[in-house]
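Asks: Spelled out, the chains give:
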Amino acid sequence: MNQSKKILLAHGGGGQLTAELIAEVILPAIGGQDASSLNDAATVAVGGGQVVFTTDSYVVQPLEFPGGDIGKLSVCGTINDLAVSGAKPVALSMALILEEGLEVSLLCRILTSAGQAAKDAGVTIVTGDTKVVERGKGQPGITINTAGVGVPLAGANLGFERVEEGDAVLLSGPLGQHGLAVMARRGGLGVAAARKGHYVSLQSDCAAIHGLTSAMIETLGSKVKWMRDPTRGGLAATLAELSAATGRNIEIRETDIPLDPTAHAVAEMLGLDLLNVANEGKLVAVIASDAAEKAVEILADHEIARSSAVIGTVGQSDDVPLVEMLTHAGGRRIVQTPYGQDLPRIC
Amino acid sequence: MNHLAEIRKDIDSYWKRLSSGGKSVVQLMEICGTHTVAISRGGLRSLLPEGLRLVSGPGCPVCVTEQSYMDAAVHLSGISDVIIATYGDMVRVPGSSGSLEQARCDGANVEIVYAAHNAVELARNRPDKQVVFLAIGFETTAPATALAIRQARDEGVTNFSALTAHKLVTPAMRVLLSQTDVRIDGFLCPGHVSVITGWREYKPIAEQFDKPCVVAGFDDEQILAGISEILRQLADDAPSACSVYPAVSADGNPQAKQVIKETFDVTDARWRALGVIPSSGLVLKGEFTNFDTARRFDLPEFETVEPPGCRCGDVICGRCLPTDCPMFGGQCTPREPVGPCMVSSEGSCAAYYKYGTKR
Amino acid sequence: MCLAIPAKIESLEGEKATIDLAGARATAMTSLTPQAKIGDWVLVHAGYAITILNEKDARETFAIFREMEGLTK
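Protein chains in written order, with the numbering used here: chain A, 1 to 347; chain B, 1 to 359; chain C, 1 to 73.
Next comes chain A alone, as it looks inside the complex:
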């Protein structure tokens, strides 16, 4: 990446540009490890034991959206990064960057929601920081950074290297609800009625998923081989990463992917591909094939994962590993990491 270039919004989209920024600018500059060994969370040896450690910043606009807000998101998102790393989340830090002029009542709503989400998840917010920036100089309203620590779950044995041919790929529910709910609430895209209060069913899926991950690991142990929450870049980016990192082909079946008709309709209207849209309460997991059925059963026991399904299979190693989708029509096509965040389009 050319040093004279400037940062585009698309660099934050979770797609190819984000990966490039990390690999070619951030890691070389800070003298860190190589990108292939980076995960959503790191395991660190501390005083004879191990902790799992992660951090994430939240800049969503609008601050409140159907199904959640930036407070809930900042708690759930970080919990989820720990959860998919096979950890039990224990404690969070929360750093707030507030914009001068922010309504205290709005701040209260956001923090109450964050507190509730932490409480529901059995996690404590133990430390934090507050800064205020001049109006117009930062993200409007509020930016939140949370870091989280957790302890590895007994029996958890996750990693790209464990993924084998024939393993099942599971998805815990329909795609795109978060990205579309946020986009719709932002307005100006024709999906405007949310502002009038008669908004119906397009809600962000924002939720903590550590209940799902721990239930699976408790019951299935090392048959659970790899997990991820498909946030920015959607399922497409998650599976493309899995395929690239394992060097294996992956085949998914369009007809088996759980679908939310509302999200689908809105996506079609805006010309977006549900596979590329962000989720905030979904789990993608690779499970040994003989445990796949059981895993779906375990997931479907949870309110947030009722429509869990096996959506695909891990294939052979390949020099050019690809994610392929068997389409509704019976055709085949390649699924790739989106370039950046998809923009609504009319054509």
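These are calculated hints, taken from the structure and not from any lab test.
Computed from a predicted model, the values in this text were never measured in an experiment.
A partial selection of chain A residues facing chain C, derived with a Cβ cut-off under 7 Å:
no.	residue
1	L202
2	P261
3	V266
4	E268
5	M269
When the alpha-carbon atoms are kept at most 20 Å apart in a straight line, the in silico EDC-like pairs for lysine to aspartate or glutamate are as follows:
no.	chain 1	residue 1	chain 2	residue 2
6	A	K5	B	E101
7	C	K16	B	D154
8	C	K16	B	E121
Beta carbons are placed, not taken as given, at the ideal position from N, Cα and C, and that holds for glycine.
Got chain A sorted already, so can you dock chains B and C onto it with the hints?
Replies: Frame of chain A; chains B and C shown alone:
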């Protein structure tokens, strides 16, 4: 999905008839970029008989819009009191000095709108700014621009204007059929353009050039049904214009046609790769001069420079497939696009890249 | 070249329709389909209804129509 299976069976049987009659290669053009995307997204090529080739046509508004238009838009975005209101489609298209996305990180105001009237509302809410709406697209989208301009006039929203580059589909089809080095055995005609124009619009072409012109919708079944109908006409040697898309009538949407007629004059227009095509574009009528960005602002002349080596022009004429271009997937990717067909999300090259099939 | 999806008109305020997208609401202008009335299915492109759909045809033509119906029934 029994219906789908039936359609595929029909396709196979027409194909058998054609091959036994000595036709081993048939090349159809899907004019519309949304068809290109749907075909790729559904992986439909893998369901068709070998020898049946689908090539993309000039039906992606981004792909046929001249680079000079993009340059004008980027130039305007650099004026401090201008807000560019655009469909998301145009944001990443590179002009000679970068895209609107890049202009935005230099401080330009670029707002994505979903509907033309949202741009008028934006202008009403920002009386201190000049809102320039990038009015691109074919017959489907032109009525919305016409209505937005009328709304701005009627409501006295004087800080709204449109940079228009609307184009018409059938003149381009005629040009393609007149080119000797382009083989087109039949057209899969655009579904939503035809909702406005009606399928009868293609009748003169079908008759003059003896080519099937079949309108189809965008679901997998619709596209395959359209292809099946084209093959049937070829097998029966009975080319004609018709529609398999129930949303399309013979004569289209009279209100939409009327508002286009009352707002625009038909003019010669320059298409990327195809050059100037007579009577193929729309320009605002004299009474709407005040809302014409090109006349409101003193725009410099922008030259059109085609990126060297780029075969977008051949791709949208059906002379080659995106994968035949030496830059495809190497020098030219959605991340660093060289030509417009790789930029536009419905561009043929982007569709081939994004939804490729394994060979 | 042009995306459009079927949607049902839920309410009308002059030419401004509230449409139902399988549970989410959006707005669309009916200026190009002045005959459209509440309960009609229309095809929406870039915020404008461009034609009124016959319900039976729409059911056969659009998978997404069938999906939406499955939800609303």
